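Asker: Sequence:
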Amino acid sequence: MTTINNYYNSEKAQLAVLVKMAKADNEVKGSEDMFLRLMARKLNLSMSEFEDIYNDADKYDFIPPVNQEEKYVMFYILIQMMKVDLSVDVEEIEFCKEVGIKLGIAENKIEEIIKLSIIKNKEVVEYDEIKAMLEI
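All you need for this note's numbering is the position in the sequence shown, starting with 1, plus 30.
Among the clues, some could well be false.
Using 25 angstroms as the maximum straight-line C-alpha spacing, the simulated SDA-like pairs for lysine to any residue come out as follows [as the list claims (entries may be wrong)]: (1) K145 / I107; (2) K127 / M77; (3) K161 / G134; (4) K127 / M64; (5) K139 / E128; (6) K127 / V155; (7) K72 / S61; (8) K150 / V118; (9) K161 / D86; (10) K53 / E137; (11) K145 / I135; (12) K50 / D86; (13) K101 / E153; (14) K139 / E124; (15) K145 / D63; (16) K50 / L133; (17) K127 / K139; (18) K53 / L73; (19) K59 / I148; (20) K161 / D115; (21) K50 / V154.
Honestly, the hints are just simulated from the structure, not real lab data.
Bear in mind the structure is a predicted one, so any value in this text is a computation, not a measurement.
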């Protein structure tokens, strides 16, 4: 159940999901750290809020967006977080599947997008490409 407090913490919850993805393989690489800091700025979070979320991401409940487009964007950003270090680990794949399911995305679509992301290892998978796969 989403409370008013949770609603106002949704930006923090979004960043917490990305922090959990970065930490899924038990190692946050420099590129992942930079991506997290960029996302914190995009979400208008202060450095102290970033540090708090980074150090204790588990205290933020996952709050899936209500809007379908926002769900797609969130999944897209999660995929980028998974790929940013040019290494996709099993733990990251499992976490991505878990979040995708919570976003209401069909498991077969999640797997197709992850597979494409792995094939395009060093290339950016464009948002429009992922969105098209989700809408089929």
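Asker: Give a verdict on every hint.
Answerer: How the hints compare with the structure:
1. K145 / I107: Between K145 and I107 the Cα gap is close to 16 angstroms, so the pair holds against 25 angstroms.
2. K127 / M77: At roughly 29 angstroms apart (the allowed maximum being 25 angstroms), M77 and K127 break the hint.
3. K161 / G134: 14 angstroms, holds
4. K127 / M64: Answer holds: K127 to M64 is near 23 angstroms, not above 25 angstroms.
5. K139 / E128: 13 angstroms, holds
6. K127 / V155: 17 angstroms, holds
7. K72 / S61: 16 angstroms, holds
8. K150 / V118: Distance ~11 angstroms between K150 and V118 Cα, so the pair holds.
9. K161 / D86: 31 angstroms, violated
10. K53 / E137: Status holds; Cα separation ~23 angstroms.
11. K145 / I135: 15 angstroms, holds
12. K50 / D86: 10 angstroms, holds
13. K101 / E153: 22 angstroms, holds
14. K139 / E124: Within the cut-off at roughly 14 angstroms; holds.
15. K145 / D63: 24 angstroms, holds
16. K50 / L133: Since the Cα atoms of K50 and L133 sit roughly 16 angstroms apart, the hinted pair holds (cutoff 25 angstroms).
17. K127 / K139: Cα-Cα ~10 angstroms, so holds.
18. K53 / L73: Holds: K53 and L73 sit about 20 angstroms apart, inside 25 angstroms.
19. K59 / I148: Answer holds: K59 to I148 is near 18 angstroms, not above 25 angstroms.
20. K161 / D115: Satisfied, since the Cα-Cα distance of roughly 22 angstroms is no more than 25 angstroms.
21. K50 / V154: Given that 25 angstroms is the threshold and the Cα spacing comes to 21 angstroms, the pair holds.
When held up to the earlier numbered hints, the structure conflicts with 2 and 9 and fits the remainder.
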